[in-house]
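Trainee: These are the residues of each chain, in order.
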Amino acid sequence: MAGSAARKVAVVGSGPSGFYAAEALLEAGAEVDMLERLPTPFGLVRFGVAPDHPKLKSVCQNFTQIAGHERFAFFGNVALGRDVTIDELRSFYDAVVIASGASTDRKLGVPGEDLPGSWSATEFVSWYNGHPDFRDRSFDLSCEAAVIVGHGNVAIDVCRILLKSVDELRRTDICAHALEALAESRIRDVHLVGRRGPAQAKWTVKELREIGMLANADVVLDDSDLALGETCEAELRDPRGVAAAQSVKILRTFQGRPRERARAVHLHFNLSPRALQGDHCVERALFDRCRLSGGAFAQVAQPTGETVALETGAVFRSVGYKGVATDGVPFDNRSGAIPHERGRVMDRGEPAPGLYVAGWIKRGPSGVIGVNRACSLETVATMLADFADRPSKAPGRAALRTSLAARGVRPVDFTSWSRIDAAEVEAGAAQGKPREKFTAVSEMLAAAFAGATSVPQPRCA
Amino acid sequence: MTHVVTKNCQACRFTDCVTVCPVACFHGDDERLYIDPEVCVDCSACIPACPVGAIKDEFDLSDDEEQWIRINAARAPILPVVRAKQPPLPTAEARRSELGLN
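Heads up: the protein sequence lines correspond to chains H and Y, in order.
So for the first sequence, the working numbering puts the first residue at 1; every next one is plus one.
So for the second sequence, the working numbering puts the first residue at 1001; every next one is plus one.
No wet-lab data here; the hints were simulated from the structure.
Ideal placement from N, C-alpha and C gives every residue a C-beta, glycine not left out.
One thing to keep in mind: the hints can contain errors.
Below, in silico cross-link-like pairs of lysine-lysine (BS3-like), each with a Cα-Cα straight-line distance of 30 angstroms or less [what the hints assert, rightly or not]:
#: 1; chain 1: Y; residue 1: 1007; chain 2: H; residue 2: 202
#: 2; chain 1: Y; residue 1: 1085; chain 2: H; residue 2: 55
#: 3; chain 1: H; residue 1: 107; chain 2: H; residue 2: 57
Computed far set for chain H versus chain Y, every beta-carbon distance over 10 angstroms [to be verified]:
#: 4; residue: 56
#: 5; residue: 266
#: 6; residue: 419
Please take these sequences and the hints and turn them into a complete structure.
Mentor: Structure below.
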């Protein structure tokens, strides 16, 4: 495929799944335009990955390399639904890939959930990572004990950020506003609470190991929680339970550790949230003690009748992300994802022509960055098979440009993004940080278009 | 700290791992794959992807597996990157059965 025959594909979203879809499409000879509602690319690599995990963020170099391809163009600051409709996109391109991720969080569904002092982990993570939609949030960290509900990697990220000293975080790319607030934090005890047992926790071994290596906090757990039933032991012996077995092994190394440090992570299992209580704000979290019932890999938490209370003024709900519906695109509210068959969007059982999906909005919010690559490869393979030998009929990039210009939308191309990037890196260097992020879209745009007369026009294919 | 491909890859070479690698750190010869420790970001996505459990975090290696750190580091940089899934070796399924992993 070359020249005028190149397929023209729009990718909506610039996180890992979007970039991996772009990579596969470029390799197949397509022309790829990536739309991103913010002026900055990389999605959850920028706004989700913890600031103290810099190595993971090096995937941005791979994404930058993909973005350098001659058939690729970035349209930052262009929001689907605000600046262009899905129907317009479908008419401009041979295919559209929705890779918008899962931007909101699941609720606990318990009374008191909306009291001040109860937040979603997503909000907190987005805030300390400088997402423009969350920059004005405030988190009262003046209590001594925090409760995090959930046993996944996000829960552990929040736990580390709450317990590391400001000195440990100072040289990361954590936002200045978060560093200031954390410097005032009085939180010493973080309770990490899960509904099921150690064998069912969703965290990865790597993240779990890290809480055992915190400089200022001990790990505390109850020996009885590590006395597993026969069904759990069977899960751990199963090839599907390799990661869980490893995780339980690490938990056992935490047993009986002496209390030596000022702060602590308290690991709680088999506690299901029942209510958050307090007069004007959260004062305590109530849980139902549970036991597991059911067969291997299908065990559910059943309340025993015992109630457990934890005194706390800060609750972070970390029970999963959830996708948000896009106007004009089929959506399954229950799963919080777009219905699909191998990446082809399905509308009431029929394929939606030219519409595809990749990443968390396709398969739900689980899996680390790399898992999205396999996911996007599947979607692109499906799309290429659907294209078969039909020639490209779409006008592509020129039509999008014309439409955006008519609406007065000025997209941030990748060159303009690199100007934002350079300004952030420079601002960070002054403080010994890898970068200091801009947290307002207006600041991002000012950096993107600094010295506007010299701003190169977006490339034409 | 890095991840390494250990002995189970030999005679298998399923290559499922490469599809989930976010940074293209897998390199291969005709027999097996290796991870370039300079490129690996320690995300662990490849560990559950391997049908024969060949990939491990350096941290989790037994004493007799430690040698793989050196082997991966030496071989990966001189071999081509493997980025797309390839057919497993003809001996792969037999090897997987032998390992009791199917």
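Trainee: Determine for every hint whether it applies to the structure shown.
Mentor: Evaluated hints:
1. Y/1007 - H/202: Status holds; Cα separation ~28 angstroms.
2. Y/1085 - H/55: holds, 25 angstroms
3. H/107 - H/57: With Cα atoms ~28 angstroms apart, residue 107 of chain H and residue 57 of chain H stay inside 30 angstroms; holds.
4. 56: violated, 5 angstroms
5. 266: holds, 24 angstroms
6. 419: holds, 25 angstroms
The structure fails to meet hint 4 from the earlier list, while all remaining hints are met.
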